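Visitor: Sequence:
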Amino acid sequence: MRQSKLFTKTRKEAPADETAKNAELLIRGGYVHKEMAGVYSYLPLGARVLNKIENIIREEMNAVGGQEIRMATLHPSEPWKQTGGWDNIDVLFKIQSRTEKEYALGQSEEEIVTPIAREYVQSYKDLPVAIYQIEQKYRDELRAKSGIMRGREFGMKDMYSFHTTQEDFERFYEEVKKAYLKIYNRCALVAKVTEASGGGFSEKISYEFMIVTDAGEDDIIYCDACNYCANTEVAKNKIGDTCPKCGKENLVGAKAVEAGNVFDLGQKYPKAFNFTYTTEDGGSAYPIVGCYGIGTTRLMGTIVETLSDERGIVWPESVAPFKAHLLLLGEDEKIKEEAEKLYKTLNENGIEVLFDDRSGISAGEKFADADLLGMPWRIVISTKSITAGGVEVKRRAEQKAEIVALDKIVNFLKV
RNA sequence: CGGGGCGUAGUAUAUCGGUAGUAUACUUGUUUUGGGAACAAGAGGGCCGAGUUCGAUUCUCGGCGCCCCGACCA
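In terms of our numbering, the first sequence opens at residue 4 and continues consecutively.
If you're looking for bench data, these hints aren't it; they were derived computationally from the structure. One or more of the hints may lead you astray.
[Said to hold, decoys possible] With a straight-line cut-off of 27 Å between C-alpha atoms, the simulated DSSO-like cross-links for lysine-lysine are: (1) K271 / K337; (2) K411 / K397; (3) K274 / K258; (4) K181 / K251; (5) K344 / K369; (6) K97 / K271; (7) K344 / K274; (8) K104 / K185; (9) K347 / K248.
Bear in mind the structure is a predicted one, so any value in this text is a computation, not a measurement.
Put together the whole structure using the sequences plus the hints.
Guide: In structure tokens:
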């Protein structure tokens, strides 16, 4: 992508109406555009990041056997009335058509997925099965806050699994927990698995995946020595206590963001929708249901919050809009030709590169943009670099740069 | 939803009961090019409604919107 053709531009000033770091940097970089409180549009660079995050999640969900679907987000009111959600879920957006017919906007989709599953799951032979989608969700939050971290419209992957036995559910539950940890790891984040309450959702305990950051709105308590971690909502111990799991060290507290959760829903929804299957001995039974969510946009915000520095965003390679940012400095025609050739070579070798080919822009501004936009690798081509023997290559996260010969750069970046 | 703050150009800000200024971004031209360049010219602005006033962007009331704290959070 040529920066001269890029739809968006960076800006020097942070917006006055945002204080969250993720919103400031993403807006300054032209990654997102704010529509209203808690609602953001994702622009070319932002959409690329989101697509990459979604693809990581997609790969891991497929790996545990999830099948991707796309459910409607505009919902009939009937299933919501059937489960009581229409009156009991206060974040449910309810809308009325001009003929006064009532609808709901999807905020989680048990009410939609259960009737669909009922249609296709008739026998124990059809189980277990897991289906998921990655779509926008809508929640009528009283107060949207923290930029893209807590909005009224946001991206979320939601998976639902159906099982014949509690044991089989628990087996799958564990697999998904592992897949989730892989997803965070691939996004350069470290998540702690915490016990939390199921909210109104489930009477059983649920697990949340917490990422420690001051931008988070949850308080957790965890052990430095083992993997014990709990939400203070349900924690039975306090900061400074001994760890109930390993008995060592002192428990510490931290702010964290909930980057995912898994719930044991039991048979609540199958019962509400009279969803039974035929068992091996010819009887009938309700399946056991699990649900598993990860906020994709929140994950993007968390990456910005945890990895950025004072100059801008620092994307991990796995989700960066481009792997490299190629900066052409100066107006020398020979250098320009070399830069064009290099841009072509990088593209031909499958290296995603944003090419700052803008003329009349000072070197300082290009450097500042590169720092703000945060591609993992910065490649500078200029009279100075060519004289030194090639291009100057620097990681966004590091200070030191090195000169790499033009014919070595592809291999250099590939490893 | 309770409390607090704030709405002026694309963005960020200033001043003022009487012509709304600056920076940046934008357009044109010349120069410039390794850490947010220089000069010149150009274009662009008071959230909405009511009230007070000779006159309101400014004061008052109402609405709408945005941010923060709290509460809430499938």
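Visitor: Quick one: which hint numbers does this structure break? Sort them smallest to largest.
Guide: Numbers 1, 3, 7, 8 and 9, in rising order.
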